Amino acid sequence: MFLGVGGFVVIFSVFRWIVDRPTVCKRPPDLIVATAIETAADNFEVEYGRMPARGDTDIIYRTDQDIPFLLALLGMEAGPDRLNTGSFKFLSVKEGKGKEGGLIYTEDGKSVAGLFDRWGGPYFVMLDLDGDGKVEIPKGPVLQRRTAVWTNGPDGKPGGGDDLQTW
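Reading the sequence shown from the start, the letters are residues 1 to 167 in this note's numbering.
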């Protein structure tokens, strides 16, 4: 079957549209960051044989308060008692603005002040420090994994259906 010049132009135009169109990300950016945090913690454990925290009881870290945890994942720890002794960068996230949408630095720019979702809330990171291969989410399920990350979503409150979770 012969398409002719007009048919060829139409097919070529459709093909160029498919190839040239920007990729649309279906996952919310905050879920992408939450997944990156989870992957960073898991990769830390693969590299060092332990989670990026001290202790033997499962714990929840907040990325707006537990800065040493973040520094370990970012490879930015200082001092002799650092967890990430190789200073490997397990986590790479964009810089936010005004305590929203990314990594925020202190005013002098020398240290990290926190990591925030696009609504200004922290990420919550549950780590399996007792080594049983599971974490129990408060008011939620028991997950067969070493790390779970979530954000409380636009309303800033746990539950309600707008939370973003890595499980």
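I should point out that these hints are in silico values taken from the structure, not numbers from a laboratory.
No experiment lies behind these values; they were computed from the predicted model shown.
A portion of the hints provided could be inaccurate.
In silico DSS-like links for lysine-lysine, alpha-carbon gap of 27 angstroms or less [unchecked claim]:
no., residue 1, residue 2
1, Lys99, Lys110
2, Lys110, Lys94
3, Lys157, Lys89
4, Lys110, Lys139
5, Lys157, Lys97
6, Lys134, Lys157
7, Lys110, Lys97
8, Lys89, Lys99
9, Lys89, Lys139
10, Lys110, Lys89
11, Lys94, Lys139
Estimated spans, in silico, between C-beta atoms of each pair [unchecked claim]:
no., residue 1, residue 2, range
12, Gly55, Lys139, 33 to 43 angstroms
13, Asp155, Thr35, 15 to 25 angstroms
14, Glu107, Val142, 17 to 27 angstroms
15, Asp56, Arg27, 27 to 37 angstroms
By construction, the Cβ of each residue, glycine as well, lies at the ideal position given by its N, Cα and C atoms.
Taking the hints in turn, this is what the structure says about them:
1. Lys99 <-> Lys110: 16 angstroms, holds
2. Lys110 <-> Lys94: 16 angstroms, holds
3. Lys157 <-> Lys89: 31 angstroms, violated
4. Lys110 <-> Lys139: 37 angstroms, violated
5. Lys157 <-> Lys97: OK: Lys157 and Lys97 at ~22 angstroms, within 27 angstroms.
6. Lys134 <-> Lys157: With Cα atoms ~24 angstroms apart, Lys134 and Lys157 stay inside 27 angstroms; holds.
7. Lys110 <-> Lys97: 16 angstroms, holds
8. Lys89 <-> Lys99: Roughly 22 angstroms separates the two Cα atoms, so the pair holds.
9. Lys89 <-> Lys139: 32 angstroms, violated
10. Lys110 <-> Lys89: Holds. Lys110 to Lys89 sits at ~17 angstroms (cutoff 27 angstroms).
11. Lys94 <-> Lys139: 31 angstroms, violated
12. Gly55 <-> Lys139: 33 to 43 angstroms: 22 angstroms, violated
13. Asp155 <-> Thr35: 15 to 25 angstroms: Hint holds: Cβ distance 21 angstroms, inside 15 to 25 angstroms.
14. Glu107 <-> Val142: 17 to 27 angstroms: 41 angstroms, violated
15. Asp56 <-> Arg27: 27 to 37 angstroms: Distance hint for Asp56, Arg27 holds at roughly 34 angstroms.
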